[in-house]
Every structure is written in C-alpha cells, then in structure tokens.
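Chemist: Required output: the full structure, derived from the provided sequences and hints.
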Amino acid sequence: MKTNKPAINIRKITSDEISILVDYRLIYLTELQGEMSEDYSSQLKKDLFRYFERSISQGQFLAVLAEEEGKVVSFGGMVIKEIPGDIHKSLYLEGDILNMYTIPEARRKGISSLILERLLSEAKNMGITKVALHTSHDGEKLYRKFHFAEPVYPYLERSIEA
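Quick note, the working numbering runs 57 ahead of the 1-based positions in the sequence shown.
A portion of the hints provided could be inaccurate.
Claimed, not checked - Taking lysine-lysine and the DSS-like style, the derived pairs with C-alpha atoms no more than 30 Å apart in a straight line are: (1) Lys166 <-> Lys181; (2) Lys103 <-> Lys62; (3) Lys128 <-> Lys166; (4) Lys62 <-> Lys166; (5) Lys202 <-> Lys62; (6) Lys128 <-> Lys69; (7) Lys128 <-> Lys102; (8) Lys69 <-> Lys202; (9) Lys138 <-> Lys62; (10) Lys181 <-> Lys198; (11) Lys187 <-> Lys146; (12) Lys202 <-> Lys146; (13) Lys128 <-> Lys198; (14) Lys181 <-> Lys69; (15) Lys181 <-> Lys146; (16) Lys166 <-> Lys202; (17) Lys103 <-> Lys128; (18) Lys102 <-> Lys69; (19) Lys69 <-> Lys187; (20) Lys128 <-> Lys62; (21) Lys128 <-> Lys181; (22) Lys138 <-> Lys198; (23) Lys146 <-> Lys103; (24) Lys138 <-> Lys102; (25) Lys138 <-> Lys103; (26) Lys187 <-> Lys198.
No wet-lab data here; the hints were simulated from the structure.
Model, not experiment: these values are computed from the prediction.
Modeler: Quick look at the structure:
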C-alpha cells in the first residue's frame with residue numbers, strides 16, 4: 058500500500074518573515090543551550106530581529122525554510138562574508154552555515170538535507186567559494202554526506218573578554 062507523503066516546500070525567507078527566523082532561532086537556542094530569563098529572551102529577540110533585518114537586506118545573511126502542509130518545520134541560514142583577495146583572486150565570498158534546525162516531530166525525514174542542498178546551491182549561485190559550519194555530534198553525519206571535512210588550514214580561535 059502506497060502512502061502519499063506531504064510535499065516539502067523549500068524557499069528563501071523574505072525580509073517580511075524575519076519574525077519566523079527569530080522565533081525559530083530562539084527555539085533552537087533553548088533546545089541547544091537551555092532556558093533563559095524573560096529579560097534576556099526579550100533583549101535577544103530584539104537584537105536578533107535587528108540583526109536579521111539588516112543583514113538580509115544587505116545580502117549578508119541568507120535564510121531558507123521548509124514547509125510541510127503550510128507549517129514551517131525546518132530552517133537554515135548562512136552568514137555571507139567578503140574576504141580580501143590575494144594573488145589568485147581579488148575578492149572572496151565565504152559562507153558560515155548556522156541555525157540549522159528541524160522541529161522534533163519532523164526529524165529523520167531528510168528535510169535538513171533539503172535545506173542544506175538549497176543553501177549550498179544558493180552559495181554556488183552567489184559565487185561563494187568556501188562554506189564552513191560548526192556541528193553537533195548528531196549533525197556530523199549529514200555534513201560529512203555533503204563532503205564537509207576538517208579545515209585545510211589549522212583553525213584557532215580566542216575569546217576576547219569584555
């Protein structure tokens with residue numbers, strides 16, 4: 058017996074849908090890092106809205122979502138950075154993928170793969186030459202399937218205390 062799976066629609070988040078992106082980012086952060094105070098949550102929501110509004114309008118952030126039967130079930134985003142050139146190319150565009158999140162009841166259906174495919178396709182169309190991301194243990198298998206690997210150059214970081 059054949060069952061009809063609901064169609065998944067993958068599309069860019071528009072500038073008038075930023076509140077969707079903010080709400081899902083807050084859900085993602087709460088699931089990943091735990092509950093936050095009301096005051097902090099309120100400030101974070103304002104700051105996220107301002108960030109996404111500015112960066113999407115300036116072409117510095119790309120976000121896509123997945124809808125199933127009219128409900129948003131997954132999203133992903135990419136920070137787009139301009140990097141000064143070198144002797145090979147005068148300017149580089151690089152992307153940092155973040156905010157990959159699927160609601161619990163929609164997981165294990167391949168929706169994150171569809172989101173990632175769309176982000177990588179958009180990156181290629183924009184001329185982005187390298188895409189990076191941080192991953193959880195659970196997400197690593199997906200990214201390895203899409204040929205993400207350890208950086209070619211050593212990657213070091215340092216926190217700057219306020």
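Chemist: All hints are to be evaluated individually against the structure, with a verdict given for each.
Modeler: These are the hints, each one checked on the structure:
Between Lys166 and Lys181, the direct Cα distance comes to roughly 25 Å. Compliance with the 30 Å bound is thereby established for this hinted pair. Note on Lys103 and Lys62: the hinted pairing is violated, with a Cα-Cα distance of about 37 Å set against a maximum of 30 Å. Distance check on the hinted pair: Lys128 and Lys166 sit about 15 Å apart at the alpha-carbon level, within 30 Å; holds. Restraint check for Lys62 and Lys166: the C-alpha separation of about 10 Å stays at or below 30 Å, so the hint holds.
Restraint check for Lys202 and Lys62: the C-alpha separation of about 24 Å stays at or below 30 Å, so the hint holds. A hinted pair counts as satisfied when its Cα atoms are at most 30 Å apart, and Lys128 with Lys69 qualifies at roughly 15 Å. For the hint pairing Lys128 with Lys102, the CA-to-CA distance comes to about 21 Å; that is within 30 Å, so the pair holds. Between the alpha carbons of Lys69 and Lys202 the distance comes to roughly 23 Å, so the proposed pair stays at or under 30 Å and holds.
Under the criterion of a C-alpha separation no larger than 30 Å, the hint pairing Lys138 with Lys62 is inconsistent with the structure, at around 37 Å. Taking the CA atoms of Lys181 and Lys198, the gap is near 22 Å; set against the 30 Å cutoff, the hint holds. Pair hint Lys187 plus Lys146 holds up; C-alpha atoms about 13 Å apart against a cutoff of 30 Å. Taking the CA atoms of Lys202 and Lys146, the gap is about 29 Å. The hint holds against a cut of 30 Å.
Between the alpha carbons of Lys128 and Lys198 the distance comes to roughly 26 Å, so the proposed pair stays at or under 30 Å and holds. Restraint check for Lys181 and Lys69: satisfied, since their Cα atoms lie roughly 15 Å apart, inside the 30 Å limit. Restraint check: the Cα-Cα separation between Lys181 and Lys146 comes to about 16 Å, which is no more than 30 Å; the hinted pair holds. With a C-alpha separation of about 15 Å, the suggested pair Lys166 and Lys202 falls inside the 30 Å cut-off, and the hint holds.
Proximity of Lys103 to Lys128 is assessed by CA-CA distance (about 24 Å); at most 30 Å being required, the pair is judged to hold. Between the alpha carbons of Lys102 and Lys69 the distance comes to roughly 21 Å, so the proposed pair stays at or under 30 Å and holds. As the CA atoms of Lys69 and Lys187 are separated by approximately 20 Å, the hinted pair is consistent with the 30 Å bound. Taking the CA atoms of Lys128 and Lys62, the gap is about 14 Å. The hint holds against a cut of 30 Å.
Between Lys128 and Lys181 the alpha-carbon distance is near 28 Å, which keeps this suggested pair within the 30 Å criterion. Under the criterion of a C-alpha separation no larger than 30 Å, the hint pairing Lys138 with Lys198 is consistent with the structure, at around 26 Å. Between Lys146 and Lys103 the alpha-carbon distance is near 38 Å, which puts this suggested pair outside the 30 Å criterion. A threshold of 30 Å between alpha carbons decides the hint, and for Lys138 with Lys102 the separation of about 23 Å falls inside it, so the pair holds.
This hinted pair checks out: Lys138 and Lys103 have alpha carbons roughly 23 Å apart, not beyond 30 Å. At most 30 Å may separate the alpha-carbon atoms for a hinted pair to count; Lys187 and Lys198 meet this at roughly 19 Å.
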